[in-house]
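Trainee: Chain order of the listed sequences is A, B, C and D. Start counting the first sequence at 2; every next residue gets the next number (my numbering). Start counting the second sequence at 2; every next residue gets the next number (my numbering). Start counting the third sequence at 501; every next residue gets the next number (my numbering). Start counting the fourth sequence at 501; every next residue gets the next number (my numbering).
The set of hints was computed from the structure by calculation and includes no laboratory data. These figures come from a predicted structure and were not determined experimentally. Don't be surprised by glycine CBs; every beta carbon is placed ideally from N, CA and C. Possibly wrong hints are sitting among the right ones.
Said to hold, decoys possible - Partial pick of chain A residues on the chain C-facing surface, computed with a CB cut under 8 angstroms:
| # | residue |
| --- | --- |
| 1 | Glu6 |
| 2 | Leu9 |
| 3 | Trp10 |
| 4 | Met13 |
| 5 | Phe17 |
What follows is each chain in one-letter form.
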Amino acid sequence: MKSYEFGLWVFMLAAFLGFELIRRVSPLLHTPLMSLTNAISAISVVGAILITGEKDAPTLSLVLGFIAIFASTTNLVSGYLITDRIIKMFKKREPEKK
Amino acid sequence: MKSYEFGLWVFMLAAFLGFELIRRVSPLLHTPLMSLTNAISAISVVGAILITGEKDAPTLSLVLGFIAIFASTTNLVSGYLITDRIIKMFKKREPEKK
Amino acid sequence: MDSVLPALYILAAAGFILALKWMSSPATARRGVIAGEAGMLLAVIGTLLRYEVVNYQWILIAFFLGSAVGVPIAYLTPMTAVPQRTAISHAFGALAAALIGTAEYYRHTPHGFTMGALVLETLLGFLTFTASLMAFGKLQELLPTRPMTYRGQNIVNLSLFGLAVVIGVALVISPEQTWMFPIFMTLSLLFGILLIIPIGGADMPTVIALLNSYAGLSASAMGFVLDNNLLIIAGALDGSSGLILSIIMSRAMNRSFTNILFGAFGQLHASAAQATARPVHSATPEEAAEILDSARTVIVVPGYGMAVAQAQHKLRELFDALTRRGVDVKFAIHPVAGRMPGHMNVLLAEADVPYDKLFEMDEINSEFPMADVALIIGANDVVNPAAQTDKTSPIAGMPILEAYKARTVMVIKRSMSPGFAGIDNDLYYMDKTLMLFGDAKAVLTSIVKELGAVPRAVENGNGDRQLFHDVSTFTTRTAEKKV
Amino acid sequence: MDSVLPALYILAAAGFILALKWMSSPATARRGVIAGEAGMLLAVIGTLLRYEVVNYQWILIAFFLGSAVGVPIAYLTPMTAVPQRTAISHAFGALAAALIGTAEYYRHTPHGFTMGALVLETLLGFLTFTASLMAFGKLQELLPTRPMTYRGQNIVNLSLFGLAVVIGVALVISPEQTWMFPIFMTLSLLFGILLIIPIGGADMPTVIALLNSYAGLSASAMGFVLDNNLLIIAGALDGSSGLILSIIMSRAMNRSFTNILFGAFGQLHASAAQATARPVHSATPEEAAEILDSARTVIVVPGYGMAVAQAQHKLRELFDALTRRGVDVKFAIHPVAGRMPGHMNVLLAEADVPYDKLFEMDEINSEFPMADVALIIGANDVVNPAAQTDKTSPIAGMPILEAYKARTVMVIKRSMSPGFAGIDNDLYYMDKTLMLFGDAKAVLTSIVKELGAVPRAVENGNGDRQLFHDVSTFTTRTAEKKV
Ligand SMILES: NC(=O)c1ccc[n+]([C@@H]2O[C@H](COP(=O)([O-])OP(=O)(O)OC[C@H]3O[C@@H](n4cnc5c(N)ncnc54)[C@H](OP(=O)(O)O)[C@@H]3O)[C@@H](O)[C@H]2O)c1
Ligand SMILES: NC(=O)c1ccc[n+]([C@@H]2O[C@H](COP(=O)([O-])OP(=O)(O)OC[C@H]3O[C@@H](n4cnc5c(N)ncnc54)[C@H](OP(=O)(O)O)[C@@H]3O)[C@@H](O)[C@H]2O)c1
Chain A
2 MKSYEFGLWV FMLAAFLGFE LIRRVSPLLH TPLMSLTNAI SAISVVGAIL ITGEKDAPTL
62 SLVLGFIAIF ASTTNLVSGY LITDRIIKMF KKREPEKK
Chain B
2 MKSYEFGLWV FMLAAFLGFE LIRRVSPLLH TPLMSLTNAI SAISVVGAIL ITGEKDAPTL
62 SLVLGFIAIF ASTTNLVSGY LITDRIIKMF KKREPEKK
Chain C
501 MDSVLPALYI LAAAGFILAL KWMSSPATAR RGVIAGEAGM LLAVIGTLLR YEVVNYQWIL
561 IAFFLGSAVG VPIAYLTPMT AVPQRTAISH AFGALAAALI GTAEYYRHTP HGFTMGALVL
621 ETLLGFLTFT ASLMAFGKLQ ELLPTRPMTY RGQNIVNLSL FGLAVVIGVA LVISPEQTWM
681 FPIFMTLSLL FGILLIIPIG GADMPTVIAL LNSYAGLSAS AMGFVLDNNL LIIAGALDGS
741 SGLILSIIMS RAMNRSFTNI LFGAFGQLHA SAAQATARPV HSATPEEAAE ILDSARTVIV
801 VPGYGMAVAQ AQHKLRELFD ALTRRGVDVK FAIHPVAGRM PGHMNVLLAE ADVPYDKLFE
861 MDEINSEFPM ADVALIIGAN DVVNPAAQTD KTSPIAGMPI LEAYKARTVM VIKRSMSPGF
921 AGIDNDLYYM DKTLMLFGDA KAVLTSIVKE LGAVPRAVEN GNGDRQLFHD VSTFTTRTAE
981 KKV
Chain D
501 MDSVLPALYI LAAAGFILAL KWMSSPATAR RGVIAGEAGM LLAVIGTLLR YEVVNYQWIL
561 IAFFLGSAVG VPIAYLTPMT AVPQRTAISH AFGALAAALI GTAEYYRHTP HGFTMGALVL
621 ETLLGFLTFT ASLMAFGKLQ ELLPTRPMTY RGQNIVNLSL FGLAVVIGVA LVISPEQTWM
681 FPIFMTLSLL FGILLIIPIG GADMPTVIAL LNSYAGLSAS AMGFVLDNNL LIIAGALDGS
741 SGLILSIIMS RAMNRSFTNI LFGAFGQLHA SAAQATARPV HSATPEEAAE ILDSARTVIV
801 VPGYGMAVAQ AQHKLRELFD ALTRRGVDVK FAIHPVAGRM PGHMNVLLAE ADVPYDKLFE
861 MDEINSEFPM ADVALIIGAN DVVNPAAQTD KTSPIAGMPI LEAYKARTVM VIKRSMSPGF
921 AGIDNDLYYM DKTLMLFGDA KAVLTSIVKE LGAVPRAVEN GNGDRQLFHD VSTFTTRTAE
981 KKV
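Next up, chain A with everything else stripped away, as it sits in the complex (with noise of 0.2 angstroms):
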């Protein structure tokens, strides 16, 4: 089977995933789950270090895979860390509950 054949079968899975994860997320949780999946996107960073770390890699892969790196760094950095930030917010209030 070629590769991109396996690709596809990923691919339509995670797709469909996908919808059914994010359907059943609450209203509540939109702004979070914005930056959550900004920080996944960050993922890209995988790519990049192929590139870039790769043996004799020419002059313009380890450019761009730096400048690929470092731009997704900072996705993966900030996004956590906002989404964390974020999420520490929601809270019920304990005595009100009790």
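Mind docking chains B, C and D with the ligands on chain A? Use the hints.
Mentor: Then chains B, C and D with the ligands, alone, in the frame of chain A:
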């Protein structure tokens, strides 16, 4: 990449997806759900065809494959038909709604 | 061709996924079935067209025979026998998977990871095969339904299973030792039988769901063996479905898997039902008809007894008669009422009760205190207040329908004998409870007939309906087993 | 090693899936973030350990710089600026994807399917990059926020896009023609800019969600290029998330995608807001405090104005003061109140309002008729009854919060000027409506201060609370723009 590795990817995604999908099914429909998944499990027919239809299949494969095709076709046919039969029973009473 | 076939498989998988997705609500369920059928069609065509497949005659004959058996099963199975059909169909599916694994072993004798998958496939396939047959036998009452236990049973079963696993591992290590395979097969088949023997007939639905899950896993494993994504996906969907249903069921019964598999629950408590002679009020169908007619709101709680008596059509007639008289009738459906998930829903749907009159436990429990009558038809455990009040009860903690909060409770059953859990029900002895002894169908028939005779309460000149009966005046008799 | 790395990737993907799964409710959301972080960590480690990766210094420097920029962004961004941050982060993500595609093109010049994926990756990457930068500019008000339109704009944009697609296809057919690539790049970048120019600042949130979806698809395409399942999965999850959010938003605004992308909506109706001089009742903060104090139930409707004024903390103080006085205070959250999905929820959570006091539109709409006071703070479109009554209104059919059904309506805003949709709001002219003109934060501050001064209504000897004001006695003035 080894082919079973792809299999693991696919399995992981499909299992998550299955959980999300089934959790949403209304209890109203749990009985037809059971017969539907029954029908889907008749997908074994694919494997059965592959071993029976092979060029120069040994007699053992032929016999076992034949039984397997028979068994899964029974499932397939009765599973879908009975699900359909059950589903047709579920209806809102139209006159009452208007 | 070579790029079309994989596309067919991907579309087939999407069809299965959409089938489950659309199954989530009655409005889209039919579309779901069609998507599932389309998926299967694509899968079969996509397989038949593969260049490896050259030999068609046996395949077509088997197709034909399978359809010849499948069609009558689909149309002749009564709705009450759906659990049995499910069981037998698991048996068929698992057998197919196991046989394919066996054939593949003798043909190609795979190694490594693939052999591991093959061992898993055949183990689960064979054990699910015999276990499902046993479950079928118990549900169809071809076999004794009570759990059969003996000392050391769990130890015997576990050692057998352990032995099967050991041989399985040995096979993975040296697949060429073909002499081990028949032993492995036999052990798996045997374990399937022994697994079910100690489980009571009433626990079968949960077990069946679990077996569904095993059958799915077996199909997934087959996908790994044959390097076929479609099988992996369909198997995984199946496997999670079975697992979730069994979790839902055991949660609604407030029991754990281990308890079901090793507990021999039904047996344990059957003895708890000593008919302590306590007085109950009983009533005749005429009296019941009068009370129902004068009620404003009635909540019907159907249970296993309604299914056994096939009383759903009569119940619909009662529903129609009462609705016509202006009574507000609702149905309260407990998640494990009856003997399989969604059992009551299917039966009532079969009898044309509109599904927007059926309410789940959480939706309706708050309405019982406002209901004039709770009419319990062949249900027992699902309305037993002991679940809430008695911490030592075997069903303690199981969520129940709070029928005991209704102003009047009417119970249709044949005797004072207990239900599936085998325990007494205090609800029957309450002052506001009236017992209508008899077969559910017979009693409902009489009530419907009487209702035709009773003049409509609203027409009594009195505009507003009122309950005019005093339950305590009804015949009091001492509870005894009647069956 | 060779069997560990793929396992790391699979676990990473599972981490992302669990992250989204646990994001579904506040109780599990933190666990979700941790799962996401763990997934990312595994992905990065799994990549760094791959045997192809031999050159670490640049990678580590870039890591360091990225973190140095990312940490301050995370901690210094005020909650009101979250939409902008999201936009800039999409720009970064898309840029990374596009650059990786470019590097891969010049290094390996793939063919066939892979080249198709690469073209898609760079097209979406570059256009999302510039489009997100533009969106950032509009949200941060570095660029004029109103839509900029000119005749034939759509035709220009579409032809540009068409040209980019044609060159893209040509590149797929003959990837060796490297001279085409820079043109392709430039066109994609340009199209991103032109796409956003005609869209109003207020439509940005929907556009941003859509760009999120594009960025996700771009990452998925990268996965196909680099033959990397993890990228495909993460991209697909991202893509569907963006798509669903934009669908939710446009549905809640009762508009279509095409309308948002080509409609230049904000512009169109800005002119509709002619301040017809009609009389309104206005009140002072003291009067408002009195009314609130004497109410039993108050429903607060926050909107964009609360966000702009950063009034959420004062609002919490008001909530506390009223709750202490025995008033039942609830918050009604419209799905598109504010300027991004979940905007109000985040701000109120930031100010420590317990989230079980926040109610979605469908939950709370039935409660407005029973509410003594609906307190509208900087919201406008989401409570405009024209959506229900006036079929010709641009927001006709958009579901609204039915604040107009409350016994008394109080509105805090700075003037009579309209909101995002640019249309007048009849709610303000109703007899039971009181306008509290001023900045939301300032007005709330005064009300809270006054509340301290007013003696508690319950303490007036009169046990049961009663509304003792007659709205029509309040100052009537003629509506004019105040800003
Ligand atoms: N639904 C599921 O998925 C599922 C799965 C596994 C286990 N279960 C278990 O099954 C039980 C279901 O509860 P349930 O309340 O529905 O049933 P139940 O507790 O088993 O009680 C059924 C009652 O129906 C009466 N009955 C039997 N035949 C009758 C007839 N022909 N006419 C009138 N009455 C008749 C019986 O009393 P008489 O003999 O006196 O008539 C019996 O008390 C629960 O304990 C549940 O845990 C359910
Ligand atoms: N949430 C989303 O995801 C999203 C996405 C895209 C579009 N939108 C759109 O945004 C709109 C949101 O509706 P909305 O009711 O929240 O807001 P709105 O209709 O835009 O109205 C906001 C109101 O707040 C007032 N205001 C502004 N600054 C203020 C301040 N400092 N103090 C007090 N009041 C102030 C303004 O009136 P004054 O100038 O008189 O003060 C204005 O009327 C909807 O039309 C929606 O379709 C939302």
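Trainee: Which numbered hints does this structure break?
Mentor: none
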